[in-house]
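Student: Model the full structure from these sequences, guided by the hints.
2 protein chains.
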Amino acid sequence: MPQAVVLELVGEKFPLYPARYAHGLFFSLLSRVSPELAQKLHEEPRKPFTLAPLTGIDSEGATSQGTLRLRLTTLDDGLFAPFLRTLLEAAPEGLPLGDRPYRLVRVVATREGHPLAGAASWEELKKAPRREKATFRFLTPTVFATSKPGGRTRYTPLPDPRLIGSSLLDKWQVHSPFAYNPREVAALRELFELDLEVAGFRNLRFHRVQAGKGFFPGFTGEVTLRLWSQSLEAQEALGRLHAVAFFSGVGAKTPYGMGLVVPL
Amino acid sequence: MPQAVVLELVGEKFPLYPARYAHGLFFSLLSRVSPELAQKLHEEPRKPFTLAPLTGIDSEGATSQGTLRLRLTTLDDGLFAPFLRTLLEAAPEGLPLGDRPYRLVRVVATREGHPLAGAASWEELKKAPRREKATFRFLTPTVFATSKPGGRTRYTPLPDPRLIGSSLLDKWQVHSPFAYNPREVAALRELFELDLEVAGFRNLRFHRVQAGKGFFPGFTGEVTLRLWSQSLEAQEALGRLHAVAFFSGVGAKTPYGMGLVVPL
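Chain order of the listed sequences is L and F. All residue numbers for the first sequence refer to our numbering, where the first residue is 439 and numbers rise by one. All residue numbers for the second sequence refer to our numbering, where the first residue is 439 and numbers rise by one.
Keep in mind that a hint or two might mislead.
The list treats identical chains as interchangeable, and a pair is accepted whether it falls inside one copy or across any two copies.
Stated by the list, open to error - Restricting the straight-line Cα-Cα distance to at most 27 Å, the calculated cross-link-like pairs of lysine-lysine (DSSO-like) are: (1) K485 with K564; (2) K571 with K586; (3) K478 with K651; (4) K485 with K586; (5) K651 with K571; (6) K565 with K485; (7) K451 with K651; (8) K586 with K651; (9) K485 with K651.
Keep in mind the hints are simulated off the structure, nothing from the lab.
Tutor: This is the structure:
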């Protein structure tokens, strides 16, 4: 079941590279669960989790200098429970972010506890209402990486409807037990290419942020997409992808804090 | 020689649909020059002029309620001189915008007179300095129209680097005496697809505006593109297209006030 939790960590001061340190902490905890699982996950091109420091988002983190809120989402049923258990086991020793220990003071797992926490089963996501319009609020910088000939990568820091649709479809296909068959996938990609338009955007901002080893461009802001197709299957797909975005994020580098999005 | 002039018109009150009325005025004046020319131009899918009311742009038009500044650019050498002559001949009777007459009080043709006026020869545009980066300030809502199967049209109100590059290349090809040959065009299109990225944007805003018979989405704001190619030909092309944008505008509906852009 896709899960989103918000962890509140308190240390002496705010970590220098929260996203990178959080990524390291996540993998070190995962190694305790199972070194094989950690290794396997590390090598997977499409990771079944996202991890984002919430500082700077909606005045989060403004509470105190040493408080860091981390949002973790998991898309893989086998990942959440063992990770959480290990996290709680390790917490009394202090959780290292960079070379400093942080104290875990809260784990929020419901939307009542934090608007960015919560859970939904794949069955629920599959039954998400059909949509002709879908609004997304991109809270952390979001970027699309496209492979180019010669092994290079092109980055698109714009809310391109086709790239939003196809990124979410990729994530759905890899992680959902209700993946579409190849014929359906091809039809949906074509629809996103032809019939998905930007119906509006607000507060669109450009950023350049560190994510993992490099710096990447990205956008934040609120974007409404409109699907011009009358196909019920396409509208159903847009509904599902809109719903899963809360857990999967959008675009590249979501394990490093990019692409955190709230479907509205 | 590509020309940009700013016309200052004064009437009793500000016209209700300045872009549409200006379009009508332009064609009625053109019919006086030559009915055949007006008819021919009306039918051309890629018109050799742009026409935009400047109200609301950089506090233009704030001077007085009844003052309208219209910016006209021409890309066709045969169009500017006869149009201007007819405009000046007709001016004493009052120029109709909608059903009201307006008085032509000023024609500004140089950058010293108005930052959006000026001229440059095709030779000068051809010799524009090579560029790896190009910044554009989109002053009026800009949109790209892409044909879809079935004769429908998709609108992209985003500063997509490929669409900016290919729109300017289209305009260059149609209007410039120094058009690229088909092989060069294909190579440039591929480069714009693969090697042109958004390096940053500022003040990006979404709009929905009337242009001609319909309403269209569009964006305004400042966008910097970066060309990753080391090809000198590609950098030369980006320099030329950046320079011609001042006269050609970018994207669709430029004869109706959309896509007015200043290369920075």
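Student: Have a look at K565 and K485 and pick one of within, between, both or neither, based on CA distance no larger than 27 Å.
Tutor: within (24 Å within a copy, 49 Å between copies)
Student: Evaluate K485 and K564 at a C-alpha cut-off of 27 Å and name the case that applies: within, between, both or neither.
Tutor: within (20 Å within a copy, 49 Å between copies)
Student: Go through the copies and call it for K485 and K651: within, between, both or neither, with a Cα cutoff of 27 Å.
Tutor: within (17 Å within a copy, 48 Å between copies)
Student: Given a CA cutoff of 27 Å, do K478 and K651 count as a within-copy pair, a between-copy pair, both, or neither?
Tutor: within (20 Å within a copy, 57 Å between copies)
Student: What label fits K571 with K586 when the C-alpha limit is 27 Å: within, between, both, or neither?
Tutor: Classified as between: cross-chain Cα gap 20 Å, same-chain 31 Å, threshold 27 Å.
Student: Pop the pair K651 and K571 into one bin, within, between, both or neither, using alpha-carbon distances up to 27 Å.
Tutor: between (36 Å within a copy, 25 Å between copies)
Student: At most 27 Å between CA atoms: does that hold for K451 and K651 within a copy, between copies, both, or neither?
Tutor: Within one copy only: 23 Å inside, 59 Å across.
Student: Go through the copies and call it for K586 and K651: within, between, both or neither, with a Cα cutoff of 27 Å.
Tutor: For K586 and K651, the Cα distance is within 27 Å only inside one copy (20 Å; across copies 40 Å).
Student: Within a copy, between copies, both or neither: which one fits K485 and K586 at a CA-CA cutoff of 27 Å?
Tutor: within (21 Å within a copy, 35 Å between copies)
The structure fails none of the hints (numbered hints given earlier).
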